[in-house]
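Undergrad: Could you put together the complete structure from these sequences and hints?
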Amino acid sequence: MKTMNGKTDTLISGLVDQLEPVRPFRFSHGMTLALTGIGLAALLVMLLFAVRPDVVSGQPQGIFLLASGLFLLLGIACAASVVMMASPRIGSGRNGWGWALAMAGVLPISALILALIRGSAAWQESEPSHGVYCLGYAILFGLITGAALVLWLRRGAPTSPERAGLLTGIAAGSAGIFAFSFACPIDSVMHIGLWHGLPVTLSAIIGRFAVPPLIRW
Amino acid sequence: MRTDDATLTRLMAMSQKGDKRAYATLLFEARNWLKSYLRRRVAPGHLEDVVQEVLVSLHTKLASYDPSRPFLPWLAAIARYRWVDHLRKLSRSDDAAVETEVIAESDEPAITARLSLERLFTMLPENQARVIEMVKVEGYSIAEASQASGQSESLVKVNIHRGIKRLAAIIEKE
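Same order as they appear, the protein sequences are chains A and B.
Residues 620 to 836 in the numbering used here are what the first sequence spells out, letter by letter.
Residues 206 to 379 in the numbering used here are what the second sequence spells out, letter by letter.
Keep in mind the hints are simulated off the structure, nothing from the lab.
Any given hint might turn out to be false.
[Claimed, not checked] List time: in silico DSS-like cross-link candidates among lysine-lysine, alpha-carbon distance up to 25 angstroms:
(1) B:Lys294 x A:Lys626
(2) B:Lys294 x B:Lys362
(3) B:Lys225 x A:Lys626
(4) B:Lys225 x B:Lys294
This structure is a prediction, so every number in the text was calculated from the model and none was measured.
TA: Encoded structure:
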């Protein structure tokens, strides 16, 4: 046992010699980073695309406020969970994102119900020609928030990389579609449920598989 | 006498500011705590390696500790991550087959149930927990574990693989 302690003592001496002051992780720092990513994405959309006329005129449509609000809430809830995951601890509940996901899930579920009722007309109603832009740009602008969260996780010590990756993807997709909704003029539930819900799902899948290798330690 | 969590938390906060004396004390205390924590779940021949890996992780991830929170749940989370990592590495090598030392009895009754590695094993199905314990901790060969458990050799391997995967999933949920 002395040999064991001896080797570990030598290691400890080496670690003590290497000690440098560090800036401890704070939840607020991580959230600032994530919210900056969401804000930056929204700002870029507003600078690069024509903003919805109702928003410009200060008279936003109710469905726009409702849908973008839900996606923003989902993005923030997932980002908060990811930020907490970078500082490991046992026994902490981090399931708030699940409720936000359930709330935002109302939109695609509504679209699904409408599709079942209306059949093929629902597909046209979703305006797929514009929908693909929503899908692509949402994923693209979501990368800003995704990158910010991956950066935070890489600095931290996430003990559940797969879940952290999944939540990073949901946060990124939600942030991306929140940002791009300022440029999307379509207010139908079919469009929002399908084409605004899809980027969140796809980002979640991408995050689940692409993020873990980047954050393992 | 074991140092309490409040003292460790203070030492950690001082270490993050660059206080080397506090850091040395903290690392020695952490070493002792980790040895007790891991003793019953890591074979003696590997205990030093795992303790050292956790200490190195503690060092490289020093900033990830939030000083407004207790220290031991943070250390335990890192220890469990490294422990599962260790089990995975053993699964990829044949090292476990030659590991025959007897596990010492733990003299650490004070670890809270919430942090306990024992508790994780109770959350596994019996057939998985038993073969992981036999092969990965007690040093049985696959053939010996198969005989002792009444499971076929391929089932022993499958149950070890599934059990470790499940342990990782349980840790993720917490």
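Undergrad: Does each hint fit the structure? Answer for all of them.
TA: For each hint, the structure was consulted:
1. B:Lys294 x A:Lys626: 22 angstroms, holds
2. B:Lys294 x B:Lys362: 14 angstroms, holds
3. B:Lys225 x A:Lys626: 19 angstroms, holds
4. B:Lys225 x B:Lys294: Between Lys225 (chain B) and Lys294 (chain B) the Cα gap is close to 33 angstroms, so the pair fails against 25 angstroms, i.e. violated.
Going down the numbered hints, you'll see the structure goes against just number 4.
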